[in-house]
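Student: Protein chains in written order, with our numbering: chain F, 1 to 664; chain H, 1 to 165.
No wet-lab data here; the hints were simulated from the structure.
Heads up, the beta-carbon is just placed ideally off N, CA and C, and yes, glycines get one too.
A portion of the hints provided could be inaccurate.
[To be verified] Quick list of the computed label-pair ranges, beta carbon to beta carbon:
| no. | chain 1 | residue 1 | chain 2 | residue 2 | range |
| --- | --- | --- | --- | --- | --- |
| 1 | F | Q528 | H | K75 | 46 to 56 Å |
| 2 | F | L141 | H | T34 | 40 to 50 Å |
| 3 | F | P387 | H | A27 | 25 to 35 Å |
[As the list claims (entries may be wrong)] Keeping only pairs whose Cα atoms sit at most 30 Å apart, straight-line, the calculated BS3-like set for lysine-lysine is:
| no. | chain 1 | residue 1 | chain 2 | residue 2 |
| --- | --- | --- | --- | --- |
| 4 | H | K79 | F | K545 |
| 5 | F | K560 | F | K476 |
| 6 | F | K545 | F | K520 |
| 7 | F | K335 | H | K79 |
| 8 | H | K99 | H | K151 |
| 9 | F | K414 | H | K57 |
| 10 | F | K426 | F | K382 |
| 11 | F | K414 | F | K335 |
| 12 | F | K335 | F | K30 |
| 13 | H | K57 | H | K75 |
| 14 | F | K560 | H | K99 |
| 15 | F | K476 | F | K267 |
| 16 | H | K75 | H | K99 |
| 17 | H | K99 | F | K520 |
| 18 | F | K335 | F | K267 |
| 19 | F | K520 | H | K151 |
| 20 | F | K426 | F | K414 |
| 21 | F | K335 | H | K151 |
| 22 | H | K57 | H | K79 |
| 23 | H | K75 | H | K18 |
| 24 | H | K59 | F | K520 |
| 25 | F | K525 | F | K560 |
| 26 | H | K57 | F | K525 |
| 27 | F | K525 | H | K151 |
| 28 | H | K18 | F | K525 |
| 29 | H | K151 | F | K476 |
| 30 | H | K18 | F | K267 |
| 31 | F | K525 | H | K59 |
| 32 | F | K382 | H | K18 |
| 33 | F | K545 | H | K80 |
| 34 | H | K59 | F | K382 |
| 35 | H | K59 | F | K198 |
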Amino acid sequence: MIAELGHFALTLALAFALAQAAFGFAGASKGRLDWMGASRSAAFMQLILIAVAFGALTHAYVTSDFSVKNVVENSNSLKPLIYKISGVWGNHEGSMVLWVLVLALLGSAVALFGSNLPPSLRSRVLAVQALIGIGFLLFILLTSNPFERVFPAPADGRDLNPLLQDPGLAIHPPMLYVGYVGFSIAFSFAIAALIEGKVDAAWARWVRPWTLLAWSFLTGGIALGSWWAYYELGWGGWWYWDPVENASFMPWLVGTALLHSSIVVEKRDSLKSWTVLLAILTFSLSLIGTFLVRSGVLTSVHAFATDPDRGVFILGLLCIAIGGGLALYAWRAPKMGGGGMFQPISREGALLLNNLLLTTAAATVFLGTLYPLVLEAINGSKISVGPPYFNATFVPLMAPLVAALAVGPLLGWKRADLAGALGRLKATAGATIAIFVIVLWAAGENAVWGALGIGIAVWLAGGVLTELAGRVGLGKHPLGEVGRRLIGLPRSAWGMSFAHFGLAIFILGATAMSLWQEEKILVMKSGQTAEVGGYDVTFNGVQDKRGPNYVALRGLFLAKRGDSTPLNLIAEKRRYVVGGQETTEAAIHNSWRGDLYIVMGGANEDAGQTVRLYFMPLVNWIWLGTLVMVLGGFISLSDRRLRVGAPARKSTSDQRGAEAAPAE
Amino acid sequence: MSEPLNEGSGVSRTRRRKRQRLYAVLAGLILLGTAAALVLNALEDSVVFFHSPSDIKEKSIAAGQRIRIGGLVEKGSIKKEEGGVVTAFTVSDGAATLKVTYRGILPDLFREGQGVVAQGALQPNGTFSASEVLAKHDENYMPPEVADALKRSGHWKEKQGKMKQ
Chain F
1 MIAELGHFAL TLALAFALAQ AAFGFAGASK GRLDWMGASR SAAFMQLILI AVAFGALTHA
61 YVTSDFSVKN VVENSNSLKP LIYKISGVWG NHEGSMVLWV LVLALLGSAV ALFGSNLPPS
121 LRSRVLAVQA LIGIGFLLFI LLTSNPFERV FPAPADGRDL NPLLQDPGLA IHPPMLYVGY
181 VGFSIAFSFA IAALIEGKVD AAWARWVRPW TLLAWSFLTG GIALGSWWAY YELGWGGWWY
241 WDPVENASFM PWLVGTALLH SSIVVEKRDS LKSWTVLLAI LTFSLSLIGT FLVRSGVLTS
301 VHAFATDPDR GVFILGLLCI AIGGGLALYA WRAPKMGGGG MFQPISREGA LLLNNLLLTT
361 AAATVFLGTL YPLVLEAING SKISVGPPYF NATFVPLMAP LVAALAVGPL LGWKRADLAG
421 ALGRLKATAG ATIAIFVIVL WAAGENAVWG ALGIGIAVWL AGGVLTELAG RVGLGKHPLG
481 EVGRRLIGLP RSAWGMSFAH FGLAIFILGA TAMSLWQEEK ILVMKSGQTA EVGGYDVTFN
541 GVQDKRGPNY VALRGLFLAK RGDSTPLNLI AEKRRYVVGG QETTEAAIHN SWRGDLYIVM
601 GGANEDAGQT VRLYFMPLVN WIWLGTLVMV LGGFISLSDR RLRVGAPARK STSDQRGAEA
661 APAE
Chain H
1 MSEPLNEGSG VSRTRRRKRQ RLYAVLAGLI LLGTAAALVL NALEDSVVFF HSPSDIKEKS
61 IAAGQRIRIG GLVEKGSIKK EEGGVVTAFT VSDGAATLKV TYRGILPDLF REGQGVVAQG
121 ALQPNGTFSA SEVLAKHDEN YMPPEVADAL KRSGHWKEKQ GKMKQ
């Protein structure tokens with residue numbers, strides 16, 4: 001009964017989405033405030049109904065209602081409660097319900113907080129949001145009904161794929177979805193602005209916090225996915241340039257560009273139609289990401305079994321959304337007119353360079369990801385494009401971006417003094433050269449690449465600190481005054497510094513992991529010792545263990561580094577009782593220097609175990625760096641909290657005054 | 001907002017805007033050119049072609065060239081070599097077979113009778129040395145390449161291709 005209620009609520013939500021779109025567009029073009037109000041109410045109703053549907057599905061999972069097919073296929077009565085709940089979105093149908101739930105939630109937020117937007121703009125934004133909602137609700141109702149019943153109901157379910165029974169993966173999809181769907185708001189604003197024919201600073205002040213919110217969640221979601229793959233899959237890597245990873249990375253790259261170009265629109269009223277284009281592209285790439293993951297067209301380490309009908313449906317949606325968006329852009333954008341001008345050497349110029357490099361990098365990733373598909377469609381040959389391609393194209397494009405990133409924030413708006421900015425970076429340059437030489441001398445293998453990677457990270461970190469020191473007048477004022485200024489800095493400034501500094505930390509980790517990872521594969525018998533990354537690892541045999549819904553073979557290891565206390569590490573090979581799937585749990589010892597990572601392969605005839613030993617240098621700096629970036633996003637967002645609700649309440653001059661005060 | 005670079009009349013402002021746009025477009029084109037060169041260079045070196053065991057029998061593929069192969073893991077063909085570090089197995093598309101060796105730990109979903117895709121190179125002795133065996137999240141999943149290879153050799157059974165709803 002509750003499942004039917006959920007299905008009915010989804011159908012009703014579709015009806016309200018249709019009303020929201022119709023009243024939204026009609027109200028805006030006729031200037032009827034009552035129709036616009038109806039559109040807003042429909043947005044709230046849509047949220048309530050989708051929440052009811054999501055609740056009904058969650059109820060079916062929590063109570064293990066095995067008359068619902070989706071629950072049978074993805075849950076089991078033995079499963080711990082948290083994985084019963086995360087099982088709701090650990091499958092195709094449920095994850096699409098989560099998708100529309102987030103979409104409706106964000107749409108309602110615009111309806112609720114947008115009271116100081118021009119009414120017609122808000123109404124059109126809501127209408128475009130509703131159109132996206134209609135597409136996805138239809139997709140769920142026509143191809144992926146999560147509430148389908150089975151008769152007779154089986155006694156128990158088939159269990160969730162054990163790899164997905166993990167805390168990291170319980171929150172990875174919701175975060176990623178808030179990221180993807182968050183960009184839909186920027187998209188809706190872009191489409192609404194094209195219809196209205198007007199983009200101004202107030203528009204950018206609205207788009208920026210939404211983009212920042214989506215960006216922060218997407219960054220966190222990607223990092224979580226990467227962390228999960230690292231510790232759960234047991235392959236000893238953190239990024240594989242896998243098509244599904246690329247699917248989330250492309251919107252990230254273009255979204256990052258959008259984040260920066262919208263600053264130029266807000267502060268300088270320039271790069272307007274470019275920013276609108278980026279908003280359309282970012283959400284388009286989010287849709288393409290959904291398509292790539294959900295349609296099964298790619299052979300990927302992530303591929304799930306899929307249904308081709310769904311692929312065709314999403315492809316159709318994709319064509320309408322992207323084709324429609326770009327056609328509207330081609331038609332309307334030329335009429336929007338240009339904005340303020342600037343010299344190539346200026347803050348705007350630096351942000352433009354950032355945009356060009358990020359979008360070009362996104363284009364090369366796009367090409368590498370989709371080229372195999374296109375080639376197969378043309379002449380049937382089956383190829384794959386792997387990490388060598390991405391390393392050879394992505395890294396050379398990112399290196400100049402990071403190098404320029406240290407300088408960009410030191411440049412003033414409109415017309416800047418490059419020599420002066422570089423002069424301020426003297427200390428940073430000295431530190432960079434020193435580190436470069438040290439790494440070149442100390443690192444055995446890959447010394448040149450390592451020195452370049454670590455050098456550029458130090459250069460960026462130094463640039464961030466220089467900018468911060470300049471803002472608070474370090475060296476010009478007494479320390480007490482500097483401290484007061486540091487506290488008084490606007491949160492958006494802190495946000496930028498955090499995000500850029502996080503990138504520097506990330507580059508350190510990524511460089512070390514790509515160049516100096518140690519790996520040994522060997523057969524170990526009980527009592528045998530092997531060395532990796534400075535640790536002496538002794539294998540102490542295996543024992544059996546019973547978990548709640550699995551049985552495991554545990555390999556016991558003792559790791560010792562120099563004179564330190566020996567560490568007990570346990571690697572597992574699990575077999576899940578219901579589905580019969582096997583999973584590998586790596587034994588991992590975390591440290592700042594790097595992780596010791598042990599995977600046990602399985603028994604051999606002569607009673608030894610195949611063991612893979614890794615040392616992962618500085619690997620935790622990768623997650624730390626992304627965490628600092630996400631933190632930066634949220635710090636900056638908290639600065640704008642008032643503005644999310646009240647973008648127009650503060651006048652532009654107030655804004656300027658508030659931001660200029662601490663720096664003067 | 002004050003007029004940026006406030007010298008000059010409306011006409012020179014338009015010209016300046018045009019020139020500025022030209023610079024931006026030029027910078028973009030130079031970048032795209034660089035990117036295109038990088039892409040072409042990288043694609044040449046790093047594209048990996050997929051071949052079924054039948055393809056390998058028919059075409060002559062140079063030993064040492066990086067390729068992907070795929071098919072079903074033959075029942076009873078999995079053997080441990082060199083004390084267990086190396087696993088050897090036979091991949092079949094129904095019409096032809098290929099012996100594959102892999103050094104390391106196989107993915108959890110690697111089974112007899114299941115579809116598999118491996119990346120590596122042919123050895124001079126005709127066996128395939130895999131550097132990577134692709135794992136799947138889902139045990140019912142059949143890699144599209146493998147399904148296609150089986151269809152071409154006439155050994156595709158709908159049962160194998162039956163996909164989870």
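Student: Taking the hints in turn, state whether each one holds.
Tutor: Against the structure, the hints:
Here the CB-CB span from Q528/F to K75/H is close to 33 Å, at odds with the stated 46 to 56 Å. Restraint check, L141/F to T34/H: a C-beta distance of roughly 47 Å satisfies the suggested window 40 to 50 Å. Checking the proposed 25 to 35 Å range against P387/F and A27/H shows it holds: the Cβ atoms sit about 29 Å from each other. Distance check on the hinted pair: K79/H and K545/F sit about 27 Å apart at the alpha-carbon level, within 30 Å; holds.
Straight-line distance between C-alpha atoms of K560/F and K476/F comes to about 50 Å, which puts the hinted pair past the 30 Å bound. For the hint linking K545/F to K520/F, the alpha-carbon distance of about 27 Å falls within 30 Å, and the restraint holds. Taking the CA atoms of K335/F and K79/H, the gap is near 69 Å; set against the 30 Å cutoff, the hint is violated. For a cut-off of 30 Å, the pair hint linking K99/H to K151/H stands: about 21 Å separates their Cα positions.
A hinted pair counts as satisfied when its Cα atoms are at most 30 Å apart, and K414/F with K57/H does not qualify at roughly 65 Å. A distance of roughly 52 Å separates the Cα atoms of K426/F and K382/F; the hinted pair therefore is violated under the 30 Å criterion. Simply put, K414/F and K335/F have alpha-carbon atoms about 24 Å apart, close enough for the 30 Å limit, and the pair holds. At roughly 22 Å between alpha-carbon atoms, K335/F and K30/F fall within 30 Å of each other, so this suggested pair holds.
Simply put, K57/H and K75/H have alpha-carbon atoms about 21 Å apart, close enough for the 30 Å limit, and the pair holds. Distance hint between K560/F and K99/H is unfulfilled; the C-alpha atoms sit about 40 Å from each other, more than 30 Å. For the suggested pair K476/F and K267/F, the alpha carbons sit about 28 Å apart, so the restraint of at most 30 Å is met. Only pairs whose Cα atoms come within 30 Å are accepted, and K75/H paired with K99/H is accepted, the gap being roughly 13 Å.
A threshold of 30 Å between alpha carbons decides the hint, and for K99/H with K520/F the separation of about 24 Å falls inside it, so the pair holds. For the given pair, K335/F sits about 21 Å from K267/F by alpha-carbon distance, which is consistent with the 30 Å threshold. The hinted pair formed by K520/F and K151/H fails the criterion: a straight-line CA distance of about 39 Å is larger than 30 Å. In summary, the hint linking K426/F to K414/F is supported, as the alpha carbons are separated by about 24 Å, within the 30 Å threshold.
Note on K335/F and K151/H: the hinted pairing is violated, with a Cα-Cα distance of about 54 Å set against a maximum of 30 Å. Proximity of K57/H to K79/H is assessed by CA-CA distance (about 23 Å); at most 30 Å being required, the pair is judged to hold. Straight-line distance between C-alpha atoms of K75/H and K18/H comes to about 70 Å, which puts the hinted pair past the 30 Å bound. Proximity of K59/H to K520/F is assessed by CA-CA distance (about 35 Å); at most 30 Å being required, the pair is judged violated.
Restraint check for K525/F and K560/F: satisfied, since their Cα atoms lie roughly 18 Å apart, inside the 30 Å limit. The suggested pairing of K57/H with K525/F is violated, with an alpha-carbon distance near 40 Å, which exceeds 30 Å. For the proposed pair K525/F and K151/H, the alpha carbon gap of about 44 Å is over 30 Å, so the pair is violated. Restraint check: the Cα-Cα separation between K18/H and K525/F comes to about 74 Å, which exceeds 30 Å; the hinted pair is violated.
Among the hinted pairs, K151/H with K476/F is inconsistent with the structure: their alpha-carbon atoms are about 76 Å apart, more than 30 Å. Between K18/H and K267/F, the direct Cα distance comes to roughly 21 Å. Compliance with the 30 Å bound is thereby established for this hinted pair. A distance of roughly 43 Å separates the Cα atoms of K525/F and K59/H; the hinted pair therefore is violated under the 30 Å criterion. A hinted pair counts as satisfied when its Cα atoms are at most 30 Å apart, and K382/F with K18/H does not qualify at roughly 46 Å.
Straight-line distance between C-alpha atoms of K545/F and K80/H comes to about 26 Å, which keeps the hinted pair within the 30 Å bound. Taking the CA atoms of K59/H and K382/F, the gap is near 15 Å; set against the 30 Å cutoff, the hint holds. Proximity of K59/H to K198/F is assessed by CA-CA distance (about 60 Å); at most 30 Å being required, the pair is judged violated.
In summary, the structure is inconsistent with hints 1, 5, 7, 9, 10, 14, 19, 21, 23, 24, 26, 27, 28, 29, 31, 32, 35 from the numbered list given earlier, while agreeing with the others.
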